[in-house]
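There are 6 protein chains.
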Amino acid sequence: MSSSLNIISKGEFDFISLGALVHRLDPGTIPFRKATECKIHVSGGEFNVAANLADCFKMKTGIVSAIVDYPIGELISERVRAMGVKSFFKEFKHNGVNGPNMATVYSDRGFGLRAPVVFYNRCNEAAALLRPGDFNWKEIFSGGVRWVHSGGIFASLSETTGELIIEAMKSAKDAGAITSFDLNYRTKLWNIWGGEKKAVEVISRIVEYADVLIGNEEDLQKGLAIAGPEVTKKSKLDPSIFFGMIDKVIEKYPKVKVVATTLREVLSTNHHSWSAVAWINGKTYSAPTCELNVYDRVGGGDGFASGLIFGLLTNEKPEEAVKLGWAHGALLTT
Amino acid sequence: MSSSLNIISKGEFDFISLGALVHRLDPGTIPFRKATECKIHVSGGEFNVAANLADCFKMKTGIVSAIVDYPIGELISERVRAMGVKSFFKEFKHNGVNGPNMATVYSDRGFGLRAPVVFYNRCNEAAALLRPGDFNWKEIFSGGVRWVHSGGIFASLSETTGELIIEAMKSAKDAGAITSFDLNYRTKLWNIWGGEKKAVEVISRIVEYADVLIGNEEDLQKGLAIAGPEVTKKSKLDPSIFFGMIDKVIEKYPKVKVVATTLREVLSTNHHSWSAVAWINGKTYSAPTCELNVYDRVGGGDGFASGLIFGLLTNEKPEEAVKLGWAHGALLTT
Amino acid sequence: MSSSLNIISKGEFDFISLGALVHRLDPGTIPFRKATECKIHVSGGEFNVAANLADCFKMKTGIVSAIVDYPIGELISERVRAMGVKSFFKEFKHNGVNGPNMATVYSDRGFGLRAPVVFYNRCNEAAALLRPGDFNWKEIFSGGVRWVHSGGIFASLSETTGELIIEAMKSAKDAGAITSFDLNYRTKLWNIWGGEKKAVEVISRIVEYADVLIGNEEDLQKGLAIAGPEVTKKSKLDPSIFFGMIDKVIEKYPKVKVVATTLREVLSTNHHSWSAVAWINGKTYSAPTCELNVYDRVGGGDGFASGLIFGLLTNEKPEEAVKLGWAHGALLTT
Amino acid sequence: MSSSLNIISKGEFDFISLGALVHRLDPGTIPFRKATECKIHVSGGEFNVAANLADCFKMKTGIVSAIVDYPIGELISERVRAMGVKSFFKEFKHNGVNGPNMATVYSDRGFGLRAPVVFYNRCNEAAALLRPGDFNWKEIFSGGVRWVHSGGIFASLSETTGELIIEAMKSAKDAGAITSFDLNYRTKLWNIWGGEKKAVEVISRIVEYADVLIGNEEDLQKGLAIAGPEVTKKSKLDPSIFFGMIDKVIEKYPKVKVVATTLREVLSTNHHSWSAVAWINGKTYSAPTCELNVYDRVGGGDGFASGLIFGLLTNEKPEEAVKLGWAHGALLTT
Amino acid sequence: MSSSLNIISKGEFDFISLGALVHRLDPGTIPFRKATECKIHVSGGEFNVAANLADCFKMKTGIVSAIVDYPIGELISERVRAMGVKSFFKEFKHNGVNGPNMATVYSDRGFGLRAPVVFYNRCNEAAALLRPGDFNWKEIFSGGVRWVHSGGIFASLSETTGELIIEAMKSAKDAGAITSFDLNYRTKLWNIWGGEKKAVEVISRIVEYADVLIGNEEDLQKGLAIAGPEVTKKSKLDPSIFFGMIDKVIEKYPKVKVVATTLREVLSTNHHSWSAVAWINGKTYSAPTCELNVYDRVGGGDGFASGLIFGLLTNEKPEEAVKLGWAHGALLTT
Amino acid sequence: MSSSLNIISKGEFDFISLGALVHRLDPGTIPFRKATECKIHVSGGEFNVAANLADCFKMKTGIVSAIVDYPIGELISERVRAMGVKSFFKEFKHNGVNGPNMATVYSDRGFGLRAPVVFYNRCNEAAALLRPGDFNWKEIFSGGVRWVHSGGIFASLSETTGELIIEAMKSAKDAGAITSFDLNYRTKLWNIWGGEKKAVEVISRIVEYADVLIGNEEDLQKGLAIAGPEVTKKSKLDPSIFFGMIDKVIEKYPKVKVVATTLREVLSTNHHSWSAVAWINGKTYSAPTCELNVYDRVGGGDGFASGLIFGLLTNEKPEEAVKLGWAHGALLTT
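Chain order of the listed sequences is A, B, C, D, E and F. Residue numbers for the first sequence follow my numbering, beginning at 1 and rising by one. Residue numbers for the second sequence follow my numbering, beginning at 1 and rising by one. Residue numbers for the third sequence follow my numbering, beginning at 1 and rising by one. Residue numbers for the fourth sequence follow my numbering, beginning at 1 and rising by one. Residue numbers for the fifth sequence follow my numbering, beginning at 1 and rising by one. Residue numbers for the sixth sequence follow my numbering, beginning at 1 and rising by one.
In isolation and in its complexed conformation, chain A is listed as follows:
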């Protein structure tokens, strides 16, 4: 097995993800304060990986999440189906006025010097109400599942979501699946109820069950309390900083077999330099660096995770898996 991950070769699902589904309002290059119209997208950091694996890589994937029985929930369900992802939903009933809601992500695309602006209305979000016991993992995994994934955005939503991730990962290990976790540290979200200290506590417990860890230098520092380098004058594209922190991660979480991240230098909103690196079973691999004309930066990181996981699931060589993640993430920004 190229990556020495012990992946089941067949199963009803190649990949199942656990996370929140949101509707993103996107006014394009116009900032929200001047917007008069917007597109409505469906996304979710954890869902995006399942969606890419199904839509682009033709894998059999599923999403475990909350849905609300109102038109926004129906809109989101339709897009989940369209992407070819099978859903396992706990359904909530909307009261017509204040929830439970499917979260709103307000996010413009920025332009040139002007960075994208992102803010939320996650008030009374249905996904945050999910808790251990809500899903019958045995049944969900009964036809076989090769990989189970979740991430730091879902973990940050409430006191119960992190516990649900732990429950899911334990069941996944029982079912013989590989588990992965994308740290995706969001200070704003954690600060609503727990703060950085709580974040580290929750995430650390989750990572105990993760075979594959995705996250950049800042994610490792804030989400896992791994000390970073003292001097950070180096380019964001220099992998040595990232590799320097891996040893500390492995020391703390010796069961982790893969740690990977993208490296991104944002020259302007529409121009990024883009690379990716991974530590796989003690060896390090780097993708090339390329210049990206960026249409919309949202989703590049999830795209990397998707390509990498596809490579690992299909038994590509580690260096190829990293390149697949790097190339797929790059294409998703166009």
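Quick caveat, the hints were computed from the structure, so don't treat them as lab data. Every residue gets a Cβ at the ideal spot worked out from N, C-alpha and C, and that includes glycine. Be aware that one or more of the hints could be misleading.
Listed next, the in silico EDC-like pairs over lysine to aspartate or glutamate satisfying Cα-Cα at most 16 Å (straight line) [as the list claims (entries may be wrong)]: (1) C:Lys39 with B:Glu201; (2) A:Lys58 with C:Asp247; (3) B:Lys58 with F:Glu37; (4) E:Lys34 with F:Glu74; (5) D:Lys34 with C:Glu74; (6) F:Lys34 with D:Glu78; (7) A:Lys58 with C:Glu265; (8) B:Lys34 with C:Glu78.
Beta-carbon label-pair distances, calculated as ranges [claimed, not checked]: (9) C:Ser273 with B:Thr289: 54 to 64 Å; (10) D:Glu159 with C:Asp69: 41 to 51 Å; (11) A:Glu208 with C:Lys170: 36 to 46 Å; (12) C:Lys10 with A:Gly144: 48 to 58 Å; (13) D:Ala115 with F:Thr187: 41 to 51 Å; (14) D:Val266 with A:Val117: 31 to 41 Å; (15) A:Asn6 with C:Glu139: 32 to 42 Å; (16) E:Glu159 with F:Pro254: 49 to 59 Å; (17) F:Arg205 with D:Val266: 52 to 62 Å.
Let chain A serve as the given structure and place chains B, C, D, E and F on it in line with the hints.
Just chains B, C, D, E and F now, kept in the frame of chain A:
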């Protein structure tokens, strides 16, 4: 004085309204469950009257409301300014994640047989946090104010908003202004915290201070617990039902000098028959009935209130004031 | 059983349809000769019924069809998934230049006096290449199927598609399913290879296996060679003409248990009078007549079939089933 | 005469082109598999040159082609007129279902790393049915024509179109016109009926009658079977490779007086380096290299041909003619 | 000859019109005061007739007008060519700042009760600078012309345009053409320089040379000072009022052989009742009345003129010619 | 005081501008000659500074200008209010046909190699009719004003606008305000009535009253007749040329205390190198140079002026004020 309302002839403001400001997401004729894009409008039942009086009738108006310091708040502020309405805002700070928020109204336009669908995300709405003491009414009214208005949507938002309306109306009376209240009974909103009984209790206390009452038959029944007719087989355009209930209103609230409403028969989403009636100081007045090609029904009722109030403020004859309301409300649906 | 159709009460699929999938180019109210842009829809007369039953009525449905491995095929597959319809596709490989193609339907919406204009590019259409033996019906029906449907558009595509329908219907009967056929007679399509005589020959053989027949007066005349009334000065909304032809249909095809159709008077492109009638096991049922503001007339007939079939599948009374079809078809034109 | 082409100084037409007209569906930066709408453009490699010469350079031009009597044909005719190009059309009658059709070109614009994707539905294309004898060249050329053009896309459409080009070029020479041919080698098109061997056979016979040849290195190799350089590690902007092949072309086709091409290095879909070179009567000329922000790459090559031909027709110095082609082609990509 | 107009049977042109070309800015159903974007159309009352005759009826037509050498002039020229109308332009040079300009027509579409609003920026309009002597009519008419047309909008533009119409009509008569004049009385335009009295003076001199006169009751009253009926309580669809004024017209202008007009009752912006009448050589003809769903009312009158003229030019019976005008005008409003 | 400008610390207005308001028609990247639709923006060089200071920097600003009482005037008034700028308007009445008008600016955005194209219809522009005596400056400035601004575009409109600027500046000095003038030399505008000589004469008289002068090298040469450098081969980003001309400016206008400009190298329409410099009380300051992805270049210069003035008004250090202008101008092009 034609309407025998005792209206101050001059003042810094012709009209000040108290209510919530919202952003409405409008996918047009496409229902939300199939929408991929939407327009963003700014509205609010109480605000609309101030906006129409300023934008269409060139009166000097103001809005007292809550605003949140984030891009949606800025978007809303800009539209308030654009309409020529002066704002008195209590400012809230957004935490980036769950509020306090400017409420979202999801509302398509429907088409033909398919009625418009409206639902909200009013969770943690800033306007619902407003309470007595938040505004310095003396200062706001110091340059003179001729008319002060509020309505049932704002009253329904929380336990404190109804009290704030009462505080405002008392101050308005002290300042010599006419007061009006548009019942706008919304079952969904009241049911979140109070239910119909609480609604009647709150609204009754507000109406004690109102010179002018706007509301249809259902509003009178549900919002004021005025018994309606036993048989309702008559056309919705027949004013006799409405006039039949007025006596009971006046009996209960003898200080009320004007009660008015639109009469609307919805033949299809795009075709309404439209009339309006008023009881003014003991006499009844009816506008003609006309057939409307309706583009978007939202705002027709507020448009009626605006035209009627303009007529009364400018000392038109009562029958002309009713016609102004009727005509302006009709135009707003195009 | 209300309709005396002997419908299996459970199964993996409530409904499976066999037919062609197309992409419709729709420039809206602008005629194609003046168009500079168009929307791209996915449809197909037979597919639409499966899509409506899944999307609106939440039934478990499938579509058996041809798909081509190129971007238009992927676009169509995504919309099939989005509607919640499971696909059984024979896949064709596109040569990049002339096919096999997913058919193009060019169709504007017309306006007022100006009727919609529809024309095709069905040259080398993949669905027309389908033939008996292409699908393993046993396997498709193995989990149980309650209803199997096809229609006259698919039957007209080539010499082999009618034969495939017959094969499917036989298998459906073997599997215990109800079978239905929507005549949907299209002179233009039949004239390409067979003409009216061939049409009658093919359709007659199909109808031998159909429990439920959908089709208007013209469909019965042209598709089944049933003589119509001599004088046709009556309103198109008068059901007597249609009922008058039923006896001849039943005489010729005694196994048919339901014959149903919509009645439509086109007053203008945007204004239809709309009714529906059905003969069910010897009794006749009529829906009311209503006036429709029509947004896009395409799909109204398929919408009727969907609602009717839903009513029959859920054991509604015959008159309710007809009304469900009538109401659902009406809503689809908005 | 600067270019030593012996160009008639006056005539009813400065330029007449022979080729197919198509409608291009363009979803912009969104790939077709995710598109829900598209623009409809009118183009055609051979037509584009006539259109640019008329629209931008105000020359008197004509197009000889096939048209179909249906709305897409009318749409195309209107755009031909709008560009100021006079048409000589053989008219075909559409059967409403499968042709003869005006070809569809599906072509998105790509973005950044993602290249544009192009595919066709040319099934039963009217232009492919054109054959020698369809046009009265004497009459078309009777008022005088200074230049006659065709190209490799039209030549590839069927067994008869190449023969028609030869017929046209012979008549053009008889009428005293300069003749040009743009190789535009498209492997996909030739492979449908003839393959590379047939292509070389047909094109060679056409080139016998061409004074001016346009085509890049690959066009010369595949379309004329001229051997290319052994090593191709050089930049695509280095003209030496191209010049190295000219001698072989001239040896084989000694009547050719001009061979020209663009040189393009595609750095990303939106960033090309752009130059152009020409061999004119034994001397070589190069345009500068510039960096292009590319909006839509389609049409750059035809734009080069137009500018070059304009320069030659107006008796500019050869180096100026090459620069005109280079600059005009560059502008067309914006 | 059915209409006893003595029409030449062949000629290079079936129809030539003299008038101004404008660009119309059209924000659709949104009134200009709230518009943020608009469509750009090309029109002109006199041009529209030539355009319809060419585009819809495939006649050979021309337009004599002014054009300005700047991008708006180019935009307009392109649309003239697209409609298939040959242009005879006097070209003016734009100074980049204040003209001469192609006139701007600001015109929304209105909706329902809200009527369309139209206003102009015709300041320093090139067409108003046209004067007798600007065109070589002999040369324009040299290949034969069957019909020459102009109208009251062009006549109203300046002191010289009316004189130019007279010059053109005289030349037209010399060339054996039928002449027509559409009164199209616009009070706003005449009031800029001449007022109603000047209008009558100019128009009367023009009508001396007109065989065919188009204009409604108001046009006849204001443009020709023909006294109207005393009481006008009759429906606008009652032709008797119009017929009653014809005698006075013929008495005053005995050479006129046809007088025609549309009859339109505007029920709402989107719903008109529509008819048309004509007096042809002493007999009167009426079209049926139909109900129109109106998309954009602009151009309906010109559409009537086009259909009527087509009918007369192709020797249809008078009643058919009137119906052609009526039907074509109706279709143009969709 | 950092900049040694003696700025009043408080006042009803932080900033009042005098200039023309226009509506800009913007077809985006499509050139006008090919446009079929456009956006409608409201702008004006002098207004933009007031708008930016209010909208972005939350200062209290006003605009003194002309408005016309027609829908375009209303549209413009609304946008002025939306930006939070208080208006002092002289109102003109539109005659419906040729004015007085709000000027039209036709301006596309260009793309890549293709530069934006700008032209006007300023014929009979209301703002050009403004003249000394039209405004009561004492009253406007009565609540205190800290800064008064105008510019070269307004000065160029007519013989009276320059005189009005002088009147305003005198009053501003009397009121204790800082005065600024942005040269913004537009050859096209001056040439309509005065030419370069008249321009220098008018501008020189204005600059007598200006504390702050904004304008680039060309502005200084043409607008103030200051001789430029003999050799201009240096980069447009090299500040030495600009600084070299300052001495001559100060010699001629010794009261000027600040001279500032942006430095811009246009690499392509979408890529500029951008810097800014200022001479403030004898010292020179430079902003860094950055690379801009430009969305729309219009407004960058006004944006610089806004940021610089904000910095000076808020008592930032001179180098910070220059950077604020530079950064704000850059952001405005995104």
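Hint by hint, work out which the structure violates, then give me just those numbers in ascending order.
-> 1, 2, 3, 7, 9, 10, 11 and 12
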